[in-house]
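Trainee: Sequence:
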Amino acid sequence: MPIQGVLFFFFCSAFTSVHIAQAALGGDSGIGHALSKYLDELGFTVFVGVLNEKGPGAEALKKSCSKRTSVFQMDVTNPAQIKEVQARIAEKVQHTGLWAVINNAGVLGTIGDGELLPMNIYRQCMDVNFFGAVEVTKAFLPLLRKSRGRFINMSSMAGIIPLKQFVAYSSSKAALTMFSGVMRLELKKWGIKVALIHPAAFKTNIGGTNEMWVKQEKDVLENTSPDVLDDYGQDYLRSSTWGLLQNFSKSPPDFSPLFTDVLHGILCKNPSALYTAGIFSYLWICLFSYFPVSVFDYVVNKIFRINPLPKALR
Numbered sequence: 003m004p005i006q007g008v009l010f011f012f013f014c015s016a017f018t019s020v021h022i023a024q025a026a027l028g029g030d031s032g033i034g035h036a037l038s039k040y041l042d043e044l045g046f047t048v049f050v051g052v053l054n055e056k057g058p059g060a061e062a063l064k065k066s067c068s069k070r071t072s073v074f075q076m077d078v079t080n081p082a083q084i085k086e087v088q089a090r091i092a093e094k095v096q097h098t099g100l101w102a103v104i105n106n107a108g109v110l111g112t113i114g115d116g117e118l119l120p121m122n123i124y125r126q127c128m129d130v131n132f133f134g135a136v137e138v139t140k141a142f143l144p145l146l147r148k149s150r151g152r153f154i155n156m157s158s159m160a161g162i163i164p165l166k167q168f169v170a171y172s173s174s175k176a177a178l179t180m181f182s183g184v185m186r187l188e189l190k191k192w193g194i195k196v197a198l199i200h201p202a203a204f205k206t207n208i209g210g211t212n213e214m215w216v217k218q219e220k221d222v223l224e225n226t227s228p229d230v231l232d233d234y235g236q237d238y239l240r241s242s243t244w245g246l247l248q249n250f251s252k253s254p255p256d257f258s259p260l261f262t263d264v265l266h267g268i269l270c271k272n273p274s275a276l277y278t279a280g281i282f283s284y285l286w287i288c289l290f291s292y293f294p295v296s297v298f299d300y301v302v303n304k305i306f307r308i309n310p311l312p313k314a315l316r
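Numbering of the sequence shown is given in the numbering used here, commencing with residue 3 and proceeding in unit increments.
Rather than coming from a laboratory, the hints here were simulated on the basis of the structure. There could be a bad hint or two in this list.
[As the list claims (entries may be wrong)] Here are the simulated lysine to any residue pairs, SDA-like style, with alpha carbons at most 20 Å apart: (1) K190 / L143; (2) K69 / P81; (3) K148 / D129; (4) K166 / R125; (5) K271 / G193; (6) K140 / K190; (7) K64 / N54; (8) K64 / Y40; (9) K166 / Y124; (10) K148 / W192; (11) K39 / K313; (12) K313 / Q236; (13) K140 / E93; (14) K39 / Q75; (15) K140 / D129; (16) K140 / K69; (17) K166 / G116; (18) K148 / G116; (19) K56 / E86; (20) K140 / A62; (21) K166 / N272; (22) K191 / P144; (23) K191 / L143; (24) K148 / K56; (25) K166 / D256; (26) K304 / T262; (27) K140 / E86; (28) K166 / E55; (29) K313 / G183; (30) K69 / K94; (31) K166 / K190; (32) K56 / R90; (33) K39 / Q236; (34) K190 / N225; (35) K65 / E55; (36) K220 / Q167; (37) K271 / R240.
Every value quoted in this text rests on a predicted model; they were computed, and no experiment measured them.
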């Protein structure tokens with residue numbers, strides 16, 4: 003029998019059929035898109051939630067995957083869409099059950115010093131990266147209680163260690179990390195597993211396009227008070243943003259370490275509570291957890307060094 007059901011939302015059983023559901027803005031592109039195709043090729047039935055069902059990423063997914071994969075319009079910041087998709091999937095899996103839900107939706111927002119980021123960037127990151135995952139989790143819990151399945155939440159190494167310039171993104175992923183840990187403890191009595199994945203940097207489109215960053219840089223400049231902007235200087239703003247974007251371009255494009263962890267989380271009887279996909283994720287977490295803070299800070303400041311200094315410090 004074919005393996006049935008992940009939602010990007012996901013249902014999986016090692017002995018019968020598996021349904022998986024992936025709740026993902028990222029189903030349109032990037033990791034979510036590639037993971038959907040990977041699971042489809044393995045024989046899973048996959049339900050993919052995407053931000054734009056008619057967009058090029060979603061259309062490409064429909065064409066490249068088998069009939070086992072279904073694509074749904076589901077913005078994780080839209081409770082009505084989540085409720086509608088949950089009802090449609092519940093009907094489809096009423097005789098087989100839903101095994102796993104993969105919360106993969108994520109946005110990076112603007113990168114830069116926390117003082118300079120507009121409040122709407124903080125809210126956007128929290129709405130998508132944290133509240134979206136919470137809303138999806140609550141919506142699909144009744145189905146996973148029946149199957150005694152599992153949630154797989156895609157966080158980030160930035161959600162467990164402090165990284166300069168990523169304060170909005172890191173804060174939202176840290177909230178998701180803590181939510182996952184608490185839910186793991188609370189859902190154990192129902193036989194539901196919760197696995198958390200902290201990937202290292204992979205080459206995806208989460209960094210956005212040059213045009214997007216030009217627009218966001220303009221937004222920062224327009225929403226920063228003149229005295230603060232004078233202290234930092236426009237050259238500091240530009241060098242901090244574009245320097246980090248260059249680092250994104252150097253990230254490895256091979257998702258296989260991440261997919262291996264996801265598959266283990268789906269199929270293993272007792273999945274790990276925490277997966278560190280990619281060697282650098284594990285090394286960063288070890289550095290933060292076992293070395294003095296002064297050592298960690300020194301390494302971070304060396305690697306994420308920004309030149310020039312803010313105007314007022316020169």
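Trainee: A separate judgement is required for each hint: does it hold in the structure or not?
Mentor: Each hint tested on the structure:
{"no.": "1", "hint": "K190 / L143", "in the structure": "13 Å, holds"}
{"no.": "2", "hint": "K69 / P81", "in the structure": "27 Å, violated"}
{"no.": "3", "hint": "K148 / D129", "in the structure": "28 Å, violated"}
{"no.": "4", "hint": "K166 / R125", "in the structure": "19 Å, holds"}
{"no.": "5", "hint": "K271 / G193", "in the structure": "11 Å, holds"}
{"no.": "6", "hint": "K140 / K190", "in the structure": "15 Å, holds"}
{"no.": "7", "hint": "K64 / N54", "in the structure": "13 Å, holds"}
{"no.": "8", "hint": "K64 / Y40", "in the structure": "13 Å, holds"}
{"no.": "9", "hint": "K166 / Y124", "in the structure": "15 Å, holds"}
{"no.": "10", "hint": "K148 / W192", "in the structure": "9 Å, holds"}
{"no.": "11", "hint": "K39 / K313", "in the structure": "48 Å, violated"}
{"no.": "12", "hint": "K313 / Q236", "in the structure": "9 Å, holds"}
{"no.": "13", "hint": "K140 / E93", "in the structure": "18 Å, holds"}
{"no.": "14", "hint": "K39 / Q75", "in the structure": "17 Å, holds"}
{"no.": "15", "hint": "K140 / D129", "in the structure": "15 Å, holds"}
{"no.": "16", "hint": "K140 / K69", "in the structure": "28 Å, violated"}
{"no.": "17", "hint": "K166 / G116", "in the structure": "9 Å, holds"}
{"no.": "18", "hint": "K148 / G116", "in the structure": "43 Å, violated"}
{"no.": "19", "hint": "K56 / E86", "in the structure": "17 Å, holds"}
{"no.": "20", "hint": "K140 / A62", "in the structure": "30 Å, violated"}
{"no.": "21", "hint": "K166 / N272", "in the structure": "35 Å, violated"}
{"no.": "22", "hint": "K191 / P144", "in the structure": "14 Å, holds"}
{"no.": "23", "hint": "K191 / L143", "in the structure": "13 Å, holds"}
{"no.": "24", "hint": "K148 / K56", "in the structure": "32 Å, violated"}
{"no.": "25", "hint": "K166 / D256", "in the structure": "25 Å, violated"}
{"no.": "26", "hint": "K304 / T262", "in the structure": "31 Å, violated"}
{"no.": "27", "hint": "K140 / E86", "in the structure": "14 Å, holds"}
{"no.": "28", "hint": "K166 / E55", "in the structure": "35 Å, violated"}
{"no.": "29", "hint": "K313 / G183", "in the structure": "42 Å, violated"}
{"no.": "30", "hint": "K69 / K94", "in the structure": "13 Å, holds"}
{"no.": "31", "hint": "K166 / K190", "in the structure": "35 Å, violated"}
{"no.": "32", "hint": "K56 / R90", "in the structure": "18 Å, holds"}
{"no.": "33", "hint": "K39 / Q236", "in the structure": "42 Å, violated"}
{"no.": "34", "hint": "K190 / N225", "in the structure": "46 Å, violated"}
{"no.": "35", "hint": "K65 / E55", "in the structure": "13 Å, holds"}
{"no.": "36", "hint": "K220 / Q167", "in the structure": "17 Å, holds"}
{"no.": "37", "hint": "K271 / R240", "in the structure": "48 Å, violated"}
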